[in-house]
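**Q** Chains as they are written, first to last, in full-length UniProt numbering: chain G, 1 to 452; chain B, 1 to 452; chain E, 1 to 452.
Source of the hints: derived by calculation from the structure; they are not laboratory data. Among the hints, erroneous ones may be present.
For chains that are exact copies, the list does not tell them apart, and a pair is met inside one copy or across any two.
Claimed, not checked - Result set (DMTMM-like, lysine to aspartate or glutamate): computed pairs, CA atoms no more than 25 Å apart in a straight line:
{"hint": "1", "residue 1": "228", "residue 2": "423"}
{"hint": "2", "residue 1": "305", "residue 2": "425"}
{"hint": "3", "residue 1": "228", "residue 2": "437"}
{"hint": "4", "residue 1": "356", "residue 2": "425"}
Letter by letter, the chains look like this.
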Amino acid sequence: MPLYKSLLRRKTLHWVGGVALAGAVLMAPVPAFAAVSEETAFVFNTLLFLIGGFLVMWMAAGFCMLEAGLVRSKNVADICLKNISLYSVAGIMYFLIGYRLMYDGVDGGLLGSFGLWSPDDGAALAEDGDFSAGYAAASDWFFQMVFVATAASIVSGTVAERVKLVPFLVFTALLTGLVYPIQGSWHWGGGWLAERGFADFAGSTLVHSTGGWAALTGAIILGPRLGKYDAQGRPRAIPGSSLPLATLGTFVLWFGWFGFNGASQLALGSAADSIAISQIFANTNMAAAGGVVTAVTLTRWIYGKVDLTMSLNGALAGLVAITAEPLTPTVGQAILIGAVGSALVVFAVPFIDRMKIDDVVGAVSVHLVGGIWGTLAVPLTNGDASFITQIVGVVSIGAFVIITSTALWFALKYSMGIRLDAESETMGSDIAELGLEAYPEFGGGSQKLRGG
Amino acid sequence: MPLYKSLLRRKTLHWVGGVALAGAVLMAPVPAFAAVSEETAFVFNTLLFLIGGFLVMWMAAGFCMLEAGLVRSKNVADICLKNISLYSVAGIMYFLIGYRLMYDGVDGGLLGSFGLWSPDDGAALAEDGDFSAGYAAASDWFFQMVFVATAASIVSGTVAERVKLVPFLVFTALLTGLVYPIQGSWHWGGGWLAERGFADFAGSTLVHSTGGWAALTGAIILGPRLGKYDAQGRPRAIPGSSLPLATLGTFVLWFGWFGFNGASQLALGSAADSIAISQIFANTNMAAAGGVVTAVTLTRWIYGKVDLTMSLNGALAGLVAITAEPLTPTVGQAILIGAVGSALVVFAVPFIDRMKIDDVVGAVSVHLVGGIWGTLAVPLTNGDASFITQIVGVVSIGAFVIITSTALWFALKYSMGIRLDAESETMGSDIAELGLEAYPEFGGGSQKLRGG
Amino acid sequence: MPLYKSLLRRKTLHWVGGVALAGAVLMAPVPAFAAVSEETAFVFNTLLFLIGGFLVMWMAAGFCMLEAGLVRSKNVADICLKNISLYSVAGIMYFLIGYRLMYDGVDGGLLGSFGLWSPDDGAALAEDGDFSAGYAAASDWFFQMVFVATAASIVSGTVAERVKLVPFLVFTALLTGLVYPIQGSWHWGGGWLAERGFADFAGSTLVHSTGGWAALTGAIILGPRLGKYDAQGRPRAIPGSSLPLATLGTFVLWFGWFGFNGASQLALGSAADSIAISQIFANTNMAAAGGVVTAVTLTRWIYGKVDLTMSLNGALAGLVAITAEPLTPTVGQAILIGAVGSALVVFAVPFIDRMKIDDVVGAVSVHLVGGIWGTLAVPLTNGDASFITQIVGVVSIGAFVIITSTALWFALKYSMGIRLDAESETMGSDIAELGLEAYPEFGGGSQKLRGG
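Throw the hints in and build the complete structure from the sequences for me.
**A** Next comes the structure, spelled out in structure tokens:
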């Protein structure tokens, strides 16, 4: 039963009040009628994955709206297409190869096995049902699948406005079919990082930093957008086309994050699990709130004006930061973890800009910087995590994703090419790649007159 | 207990691993403490309807955004009003007449009874509660109600930009109060199609094709929009005003579809049910993913450019196609079912265009063509369905909806008129019907200069 | 166990079929295996709060989109920032002071205690778990927290386009940390209004009227926007910048309201509770539907054209109206309650306009007028409520919020100032406060040429 095992592995470091929850529901002797029956727990656990899964699926729409709002109108349709396509490609690849590579037979090693995923619920469906698997196989697959899509969503925003569509989707396929599952197997699949005690509850490193590294390498290899830097090499602000859509996207992500972190408890079939998930909901929300307030305050203090985009990124940075450990902090600690994540982003965004790395939506700052911070902060509230091991995890996964992503981006660059030609980029990827405009009636082409 | 019966009827063809699930939770002897108690199952089943219900309700917003993005800006406010109104009218009509017409006393026949719906939960609320009804009556009503609203939502997009508001809403009232419930009673209400073994799990035919036929007859009787065809009768592309809104709407629909298909399992009160719903979630998602990838690939191959609108419709076609049988396919089969649905839409859209049928958003291709395909595909994976019976269902429901819709559209045409006059259509339905503009500040009136 | 007590208090008036549900799940002797076990009920109740909580959290996005669509484009980014900030501030204040002020040790009095909130789930987590608390503490906190954010969201729309950002956020902090919790303690915290038998199931008065009064006092003290009234003092229509966003926001609010009202049942751990929640879902939906149909009909009849904005507000008015008692009405009664709420709004909006009170989005009409109506309508369907007591509640809470809000607005006015200077207001709060534009490419600055 590889799935059950993978659940145990992922749960290794989930503690509430000093009591390990791992498998508690499933293994504990049923004490009395007051408890939850095995089959009821099975249904609860499955329901948690399904609810969590649809919430995280909805985050794909959040990334799409966030990015559609932050690119120029000449690139909006293209980014919409990329987002709905990457979500689709990620699911197919995770079915074809990714899931088993991440969860099947990792056994302390470096990767799982190759092959299609298929569910095995035979025991639970047998005449005298054996519910010890704990949940329906497909509910777990669905929940894991939307996570890999999230990692891919992070990339699209950073490399927007100049990457070509087809190579981007090929990169997505390889990221979601190979890169993400292999590094994911190291911790959640029960590989070598799990055996060392690495702690990343819902994926500050496994999902967000992985997406962030893949985005960063892409941005460097692609180079900045035309017009992003002036003759003296100073960065120019290129405003997004629709801040309400960007705000909507942020709210969608915040909403979906309750599933992302909450359902990463992986079980709802006991009072203890429901208590843990409740704490995770509160902490997730408050880390984002701390992020917003911090970014609003800091940008007003530094720049004299509040920066809306930075405030949205502050919310997201708070969410990314709490993702590595949303359970053990108190609400007050969660606010602080989110606040620090947000403050880091307020400084990281202009820093990355000055490094001549053109990250269109700030995703590297949010997901990579925020993800590293969140991962390193785990030992502050979780006594079972070690600072050294957290660094080992961050560095090893970082190195793996940097190397593989760089190789993939270069392979694509020297085979099919990854960047739009200058004429297409100036015209906009919507016309160039899709032959249409996202907003054909607005402004009578004002974006052509004013855009970069 | 008509509701319980209707559940049994709807469940007739739901099988997992060769074991009929119908009523299993309710009728099986309770074997041991490991099982789910009757009252717990009642709560789970009810919760499934409530979660599924709010997800499908949210699809109303999805249709609204999809259509608002695909019409020209001069008709955006009007389509918003139509969408929120049709959802409201559908609910009221289904309460007043539709529900009982569909589910009360059909008994193998052609329709149920007339009268208001009201809940009867007396048995479950009695002192020594009898939970054999299986779920709360109002949760079932709510879940069924949002389905009828979905059927009505399909129509609004096709006939947009030229149908008058009030006759459209009258049509909606009759569609949702009479046409939908009567044909729905044939299968889900336990009517003659159910007795013949027709299989339509969540409504490829009952919901999507019904909406599609009603839309098709409307489009034909209304005629195309002014300027849709040139002097030689060749169709002109009329681009939508906001592709990010159309994309958002597609994501909303995809998200809501987990409720549409998942909660159509109609029970969550056993491990077997939760396993079935999990498979449905995975299949629903992957059919859509297959649809996206197919449309992206095909349009790039045929036209040299990827078509975003077609890709969105490809996602929806995949979803419609898997709706008739989301449970029995493997994930791989689900991807293929979605892919074929999407491919059919890629060819159906230009075909319908050339037939001089002006379907503004492509809803006939998606919901009717995709719905027929999905219904006919059921026997490919479900051994209990018969190809002949599926054809009987498609044809009989098609004939009924074509005849009744045609009669309604003509009755409205020759009584109150159904089409805006040419001046109003040119000016836009927003100004003509509502006296305002959807985007009063954008473009300084560019849509008046450039619109058709 | 203050939390358990607060649940009992809030539940005092929740009846189904003449049987008080309060604590029934927890106190009833477990009759037989057919029932729900104590721990299962604990999980169900917690799950209800979590689902309800994320649905209500999502309403923050709904308010944001509604308001972003109804302000002019020069103020869109600012209203987005206000909305995401107020949600964040509300959560932090409710954690720091609000929750315990509302729920801890009120005991029939006027307010609770001061101090940070922290969860206490020790009994349920003990070796031989005691599940009599009924739910996880943090799930309750999360659910209560999103309600206070809703109250704050109501204010932002009314005072939009001229209030300064920082004083608005200070007002929000005081509203959510002090004003809302104190009045909330009177009923839901088990204070003096609870002892008198006041009935406000989910907050027509406690949430919506409170937000409405705070908004009304703000609008009066701020004064109308420049250009809102002509030289003769007649109100001018100032159209919103994006009606599809306003429609989207309304759909989001409608969707979230299932959590708002449904989870206010506060328990899901029995068949009776699930039946109650189902009825609440149906009633909530149909009150909104009644509101839409009424506003569409009335505005067409009065003005000759259907008013989209009024129809959206009609939906919301229906939702606000049913919130005080979504359980005891039949579906038919719910439609009527919503319809009356909507009709009141159709007349209240122009009335308030003529009173020279400039409510940008109509929130006072919807939330205050609709909330009063809903609260007074409770005795029509709930025999345990008294008309006199309902008036006492409406008046006492109204007086408290009017006095405290007025004091706060004036204190802010004479300390930091609450209104943008004329130049900033004309230029738009986006440029003035944030230094950017929400839609920099649309219209080539048309909003500067055409805006008020």
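**Q** Hint numbers the structure violates, sorted upward?
**A** none
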